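Chain A is already provided as a structure; the job is to place chains B and C on it using the hints.
Protein chains in written order, with the numbering used here: chain A, 1 to 114; chain B, 1001 to 1112; chain C, 2001 to 2237.
Any given hint could turn out to be false.
As the list claims (entries may be wrong) - Per the computed footprint, the stretches of chain C lying under chain A, defined by three or more beta-carbons under 8 angstroms from a beta-carbon of chain A, are: (1) 2060–2068; (2) 2197–2204; (3) 2208–2218.
Keep in mind that the hints were calculated from the coordinates and are not lab data.
Small disclaimer: the values here were computed from a predicted structure and weren't measured.
Here a beta-carbon is modelled for each residue, glycine too, at the ideal position from N, C-alpha and C.
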Amino acid sequence: MNPALRARNHPGYWAFVVHRVSGVLLALYLPAHFWVLGLALHEPARLDAFLRWTDQPLVRFGEWGLVLLLAAHFTGGLRLLALEFLPWREWQKSLAALAAGVALAVALAFALAL
Amino acid sequence: MSARREALLWAAQRASAALLALCVVVHLATMIYAAHTGLSAAQILERTRGNAAWLGFYSVFLLAVVVHVPIGLRAVLSEWLGWRGASRDAVLAAFAAVLAWLGARAILGVFL
Amino acid sequence: MKTLDVRVWRGGADGRYQGFEVPREESQTVLDVVTHIQRKQEPTLAYRFACRVGMCGSCAMTVNGVARWTCRTHVDAVAPDGRLEIAPLRNLPVIRDLVTDMREFFDKWARAKGRFQGRRTRRDDFERVAPDSEARKQVDAAIECIGCAVCYSSCDVVAWNPDYLGPAALNRAWTLLRDVREAANPERLRAVAGDAGCHACHTHLSCTERCPKQISPTAGIAGLKRAAAAAALKGEL
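Pulled out of the complex, with its shape left as it was, chain A reads as follows:
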């Protein structure tokens, strides 16, 4: 294994990486998301054209990716709130796995709904 990873290869660390990366990606996505929705205000035709573009399979896949990112950041965040506010218990170390499971379930629900 890559030497830089050996010391970091434990659940808490991966949970951190997922949380931080998903957070940064969502932070970059939000301005675009708001701007597109804002088109409804003054440029409805442009919004319509954009929404038709989102029907493309690649974009739908991207939307699913965003739902996954949001679900992952959300479940990871709940885990952090538990770690920081609840009395310390051994099972809290398993929260990373639980968070990952729930996030995947949510993303799956979205994918299947499509």
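This is chains B and C only, laid out in the frame that chain A set:
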């Protein structure tokens, strides 16, 4: 000085996180519902326009986002880009303002 | 396998690994390996140890990428393929070979007000500390730290933020914050909060994962975060 500021930022981050937890559940459920029901954009806008409840909800959601996102990015900028100090905080405040502005326009466009 | 293929860091920060072939023994520890090299093959090798029975923490090194006490690390557990890579602890300046400069580690301990300051004198009666009180149970869970720097060496925030006080110093500050005999507490909270203190912790849990005494500095740091927020909101910070 730094201690008090950091403690308050931490508290604001966790408070907005708790609020966002609720908002995100509602938002994700709504998105899954809309996808499942196969609603078109026009149909969605029909349901959201003039809806005071949704307007109120998403306004609260936006407020929480505007607090949570810049504070979250603050740590990333200092640790991974080595960017610390007043310039970083000024840029993040500007980013918060941009988010708030774009978000308000989006809310007006979709719910008013 | 009759021999081990061991690579040991030599020199300072810009040093290199030197290879050795070491006979494999039963129940051999990594400290045994390092000692063998220094006594039988390379007398100039510099390394630290003292008790060699897992009580003092002096022998902490990076073994196959992970910070450990070498006296309590069996070769069988970390080198099933007979290959060992031994380096000094991370996040600390290297003096030579496997020896690091621990001054910054202990300086941060002092900066976090990691020193006990009692209120009573020898003329007063003892302070009563209820062992089953919530505060004392929290202290007891974190008090066994011997300052070995394994957690400090395993923490990425220490690597990313040079001012970060680190898990050991903050953990010790936590035990003192919750100590009913303590006199220095409002100042202590001010010393450990801030972007060089508890608020820089991102709950990676590497410290908790690696601590040879099974302490969880993350738990103590979470306590410091809560205490700092409460104090700030009350205008006491």
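Worksheet item: Do three or more residues from the segment 2060–2068 of chain C put their C-beta atoms closer than 8 angstroms to C-beta atoms of chain A?
Response: Satisfied; 5 residues make the cut.
Worksheet entry | chain A over the segment 2208–2218 of chain C, status - at least 3 residues with CB closer than 8 angstroms | Since 5 is at least three, the answer is holds.
Item to complete: Confirm or reject the coverage of the segment 2197–2204 of chain C by chain A under the rule of 3 or more residues with a beta carbon closer than 8 angstroms to the chain's beta carbons.
Response: holds (count 3)
In summary, the structure agrees with every hint in the numbered list given earlier.
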